[in-house]
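Listed below, chain by chain, are the residues.
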Amino acid sequence: MIPRLPFSLLLMVGLAAIFVPLPVPSTVPQERTFRIEARQFAFSPSELKVNVGDTITLKLVSMDVVHGLYVDGYGISVQADPGQTQTLTFTARKPGSFRLRCSATCGAMHPFMIGKLTVGENHWLLRSLVLAGLAVLGVLGQPILKA
Amino acid sequence: MTKIELTRHPLLKSFLKSRYPQLAVFVLVLAGFVFAIVAGLIGTPVGSRNFSIVFVWIAWWAILILVAVPFFGRGWCAVCPIPLPGEWLQRGAVLDPPGKKPGWLNRRWPRIFRNIWLQNIAFLFLALFSSVLLTTPSLTGIVLAIMLLAATALSTVFERRAFCRYLCPVGGFIGIYAKIAPLELRIKDKDICARCKDKPCYHGSPAGYGCPWDVFPGGMTTNTYCGLCLECLRTCPYDNIAVNLRPFCRDLVKPSNRLDEAFKAFIMLGSALVYAGVLLGPWGMLKDAAYHVGTLAWFTYAAGFLAFIFIILPGLFFLCLMRAQNSLSMKQRFTSLSRALIPLGLMFWVAFSLSFVLTNASYTLATLSDPLGLGWNLFGTAGIPWQPVGTSILAPAQTLALVVGLIGSARTAQKAAYEAGVSTFPVIIYCLGLTVIMLWLLI
Chain A
76 MIPRLPFSLL LMVGLAAIFV PLPVPSTVPQ ERTFRIEARQ FAFSPSELKV
126 NVGDTITLKL VSMDVVHGLY VDGYGISVQA DPGQTQTLTF TARKPGSFRL
176 RCSATCGAMH PFMIGKLTVG ENHWLLRSLV LAGLAVLGVL GQPILKA
Chain B
6 MTKIELTRHP LLKSFLKSRY PQLAVFVLVL AGFVFAIVAG LIGTPVGSRN
56 FSIVFVWIAW WAILILVAVP FFGRGWCAVC PIPLPGEWLQ RGAVLDPPGK
106 KPGWLNRRWP RIFRNIWLQN IAFLFLALFS SVLLTTPSLT GIVLAIMLLA
156 ATALSTVFER RAFCRYLCPV GGFIGIYAKI APLELRIKDK DICARCKDKP
206 CYHGSPAGYG CPWDVFPGGM TTNTYCGLCL ECLRTCPYDN IAVNLRPFCR
256 DLVKPSNRLD EAFKAFIMLG SALVYAGVLL GPWGMLKDAA YHVGTLAWFT
306 YAAGFLAFIF IILPGLFFLC LMRAQNSLSM KQRFTSLSRA LIPLGLMFWV
356 AFSLSFVLTN ASYTLATLSD PLGLGWNLFG TAGIPWQPVG TSILAPAQTL
406 ALVVGLIGSA RTAQKAAYEA GVSTFPVIIY CLGLTVIMLW LLI
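Taken in sequence, the protein lines are chains A and B.
When you line the first sequence up against the working numbering, it's residues 76 to 222, in that order.
When you line the second sequence up against the working numbering, it's residues 6 to 448, in that order.
Hints should not be assumed to be uniformly reliable.
[Claimed, not checked] Residues of chain A clear of chain B, computed beta-carbon distances all greater than 12 Å: (1) E106; (2) E122; (3) T160.
[To be verified] Some, not all, of what chain B presents toward chain A, calculated at C-beta under 7 Å: (4) L373; (5) V394; (6) T404; (7) A415.
[As the list claims (entries may be wrong)] To spell it out: a stretch of chain B is covered by chain A in this simulated footprint if at least three of its residues, at any positions, have a beta carbon under 8 Å from a beta carbon of chain A; those stretches are: (8) 137 to 147; (9) 361 to 372.
Rather than coming from a laboratory, the hints here were simulated on the basis of the structure.
Computed from a prediction, not measured in an experiment: that's the story for all the values here.
Ideal Cβ placement from N, Cα and C applies to all residues, glycine included.
Could you put together the complete structure from these sequences and hints?
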C-alpha cells in the first residue's frame, strides 16, 4: 500500500517538474552542416541531434518534387526545387525537440512528411515523464471510488 | 459533486424539446456533408486544398475529438447528417410524427449482430487505409457517400437507426468515450417508468418518435448507446426525462462485461499509438508502408497493426490480470478492467489530434475561400499560406492531456481492480507504460 501523499506536496513537486530550469551541459558551440535529402514523403536523415548554441546549416536537397523544410519552434523555412540544393542557417538557441515539416505541398502524404531536430536534451519529455510518474503516485495513495 | 439538471430551466427545456433548432443544425450540417462528398469527387486531388479533406479530417475531426466527445459525449450523433435522409424516409416526415406511417420493412436488426463488433471491424477497415483516406479527396468523398447510402438503405429495411447503432465506424468509439462526458440524459424516477404502461419513449407517440437508438431510457445506466436525439424528452408524458451535468467519467464507476466494448477500448488505444508513430513520427519507411496499399510493405504494416491491437495490447493486459483473489472468470476480469483504458484512450486521441490539427489548421482559411481548389477566392483568404499555429504550447498541451488521461485511467483501474479482486498495480503500470510510449512518440 502506497501512503497517501498530501496534495500540496504533489502539486509542489509537479510545479517544480514543470518550471525548475534543468542544467544544460556546457559545450563549445560548433558549426554543423547537415545534408538533408527530401523525397516523397520523408527526410533523410530524419532525425538530427545538435547542442544548444551550435550554428546549424541545413542543406535541403530535393530528390523528386518541390519540397520545403520548416523548423517548428524556430519558425524558419526553406524550399528546394527538384535537383536543387537550398541552404538554411540558424543558431540553435532553444533547447528541446522540434519537428521538421515539409512546407511545400508535395503530394498526398505531404502533411505527414516530418523529421525531428533535438537541440540539447529533450527536457520537456523528461518533465512529462516526471509528471506522469507523480500522477500515478498521487492516484495510488487515493481511496477507491465508490459507485 | 452532484448532478445539475439542465432541463429544470424552462427556457432551455423548451429549446431542447422544439424540433426547429435541431432541424436548422441538421440542414446546415447535411449541406456541408453533401458538399464534402461533391468536393471530394470533383475538386482538386490535392488534399490540403480540398474541402473534403480539410473540413472533414481537420476541422470536423478537431471539433469531434477535442470538444464534442469529451464534453458532450454523443453530442455529435445528435446532429450527425448521415442518418437523416434514411430517417426522414423511414418516418415519412421531417418534423413531427405523421398520422400514417410509411410501409417500410421495419425489421429488427439480427440478434447476432446486436453489439459493436461490426463497428469495430468497420473502424479497423478504415484505419488500415487511413493514410490514403486522410489524404485522398476522392476516396474521402466515396467513403462519405457510402456511409450516407448505407444508412439510408438500412433505414428502409431495419427499424430505427440500425446504421448508427450497429455499423457506423465513428459511432462505436464515440459511444465508449461518451462515458467520460459530463453530460447525460437519464430518467428522474424509476418508479414512474415502471408504472408507465405504453412506454412512449421507446414505442413513440403523437408527441414524438420511439427511441431511434433502440434504447429504453428507463433502463439506461450509461451514455454508450444514447444518441441524445431528445425524442424521449418530447414523448415522455410524465416529464420524467432529464438532461444533467455531472462529474467527468461518471459512467466508468459502473462495471461492464461486454467483450465488444472491451476490444473497442484496445482498438482505439492501439490505433492512436500506431498513428502517432506512423503519421507524426520521423520514420519515412513506416509512412511508405502505410500509404502504398496492396504492396508487401502494406500487408506487413496491416498485419503488425492488427497484431498490436488484437494480440500485443490485450495480451499484456491479460498478464496484468492473471493473479486474482476471487472467483471471477478471466473474461469478467478482462472486460471489467478494460474500462480503465477509456480515459487514456480518449486522451491519446486528443494529444495525437492536437498535433496535426494545430499544424494544419491554417489550411481551413485557404480552403474556405477555394473549397474545390479551382482558383476561387470567395472570402479573400485563398492566398493565406500554410503556417503552423500554437506549436509552442503543443508539447505542454499534449502532456496535460496524457497526464489527465492517465489519472482518469488509474482512478478507474483502482475501482475496477477492487471489484474484480485483482491488484491495481499491474494495470496502472500498464497504463503508465503506454503513456510513456505515447509521450516519447509525440514529444
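Quick check: which numbered hints come out false for this structure? The structure breaks hints 2, 4, 5; every other hint is satisfied.
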